Amino acid sequence: KAGVTQTPRYLIKTRGQQVTLSCSPISGHRSVSWYQQTPGQGLQFLFEYFSETQRNKGNFPGRFSGRQFSNSRSEMNVSTLELGDSALYLCASSLAVGGGEQFFGPGTRLTVL
Amino acid sequence: GENVEQHPSTLSVQEGDSAVIKCTYSDSASNYFPWYKQELGKRPQLIIDIRSNVGEKKDQRIAVTLNKTAKHFSLHITETQPEDSAVYFCAASKNQAGTALIFGKGTTLSVSS
Numbered sequence: 001k002a003g004v005t006q007t008p009r010y011l012i013k014t015r016g017q018q019v020t021l022s023c024s025p026i027s028g029h030r031s032v033s034w035y036q037q038t039p040g041q042g043l044q045f046l047f048e049y050f051s052e053t054q055r056n057k058g059n060f061p062g063r064f065s066g067r068q069f070s071n072s073r074s075e076m077n078v079s080t081l082e083l084g085d086s087a088l089y090l091c092a093s094s095l096a097v098g099g100g101e102q103f104f105g106p107g108t109r110l111t112v113l
Numbered sequence: 114g115e116n117v118e119q120h121p122s123t124l125s126v127q128e129g130d131s132a133v134i135k136c137t138y139s140d141s142a143s144n145y146f147p148w149y150k151q152e153l154g155k156r157p158q159l160i161i162d163i164r165s166n167v168g169e170k171k172d173q174r175i176a177v178t179l180n181k182t183a184k185h186f187s188l189h190i191t192e193t194q195p196e197d198s199a200v201y202f203c204a205a206s207k208n209q210a211g212t213a214l215i216f217g218k219g220t221t222l223s224v225s226s
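Chains W and B supply the protein sequences, listed in that same order. Okay, so the first sequence: first residue is 1 according to this note's numbering, each after it adds one. Okay, so the second sequence: first residue is 114 according to this note's numbering, each after it adds one.
Since the hints were made in silico from the structure, they are not lab data. A portion of the hints provided could be inaccurate.
[Unchecked claim] Distance condition first, Cα-Cα at most 30 angstroms in a straight line; then the derived DSS-like pairs of lysine-lysine:
id, chain 1, residue 1, chain 2, residue 2
1, W, 1, B, 171
2, B, 218, W, 57
3, B, 135, B, 155
4, W, 1, B, 155
5, W, 57, B, 207
6, W, 13, B, 218
[Unchecked claim] Some, not all, of what chain W presents toward chain B, calculated at C-beta under 10 angstroms:
id, residue
7, 31
8, 41
9, 43
10, 44
11, 58
12, 90
13, 95
14, 101
[To be verified] Covered stretches of chain B (in silico footprint by chain W; criterion: 3 or more residues with CB under 8 angstroms from a CB of chain W, positions within the stretch not fixed):
id, segment
15, 157-163
16, 198-211
17, 215-222
Predicted model, so just to flag it, every value in this text is computed and none were measured. Using N, Cα and C, we set each Cβ at its ideal position, and we do this for glycine too.
Excised from the complex, chain W in its bound form (with noise of 0.2 angstroms):
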């Protein structure tokens, strides 16, 4: 089976633009959960998407939103960028049925200037 894959893999955007990142989960697995990874607070949960529907969401503000498709493909919208979301954002996949592994993608490493 083919891996979790993220495109673009590297983007750079000036503050105020907005960005959206794309996520194709591990063929059959139907749960998309996305992180953003930086040096000083390691990976934190933005928010989880399952059959089409956000179950679960992490701590972040409105501007960071997301959607999955009928596929399972899942993309992350980031409005009004701020050079804080400067940071690599990593999907994972996962059967997410009776529980079981997340599988990572490489990850998009977003800079903001």
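We have chain W; now place chain B onto it with these hints.
For chain B alone, coordinates are given in the frame of chain W:
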């Protein structure tokens, strides 16, 4: 919300020694505790996990112990090898699917030969 604390932040050992990393969690509803290994420039990968109805789990040189009463869990690596050098993250989840992970800040393990 859930908070996971991880110690130590850095750990240096000689090849063949054992390494122990400890985590504590705050939410007694948490019931799934995975450990992830992240090598430099790579995605996090699950190395072992444990559920709250189990006290200990072992997989070759790696073991995890869980003390629900004290709300802490530990990763034990025996006979360390240079390829064990990486950042290790503990995490906790309180949903049955094992998603929406709350991570500790990570431990950088260095194994010197």
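Outcome of the hint check:
1. 1(W) with 171(B): Answer holds: residue 1(W) to residue 171(B) is near 27 angstroms, not above 30 angstroms.
2. 218(B) with 57(W): holds (19 angstroms)
3. 135(B) with 155(B): Between residue 135(B) and residue 155(B) the Cα gap is close to 23 angstroms, so the pair holds against 30 angstroms.
4. 1(W) with 155(B): This hinted pair holds, its Cα atoms lying about 19 angstroms apart.
5. 57(W) with 207(B): It holds: about 13 angstroms lies between the C-alpha atoms, which stays within 30 angstroms.
6. 13(W) with 218(B): Holds, at about 27 angstroms.
7. 31: holds (6 angstroms)
8. 41: Holds, about 8 angstroms.
9. 43: holds (4 angstroms)
10. 44: Holds, about 7 angstroms.
11. 58: holds (8 angstroms)
12. 90: holds (7 angstroms)
13. 95: holds (8 angstroms)
14. 101: holds (5 angstroms)
15. 157-163: holds (count 4)
16. 198-211: Answer holds; 6 residues pass the 8 angstroms Cβ test.
17. 215-222: Coverage by chain W holds here, the residue count being 5 at a Cβ distance below 8 angstroms.
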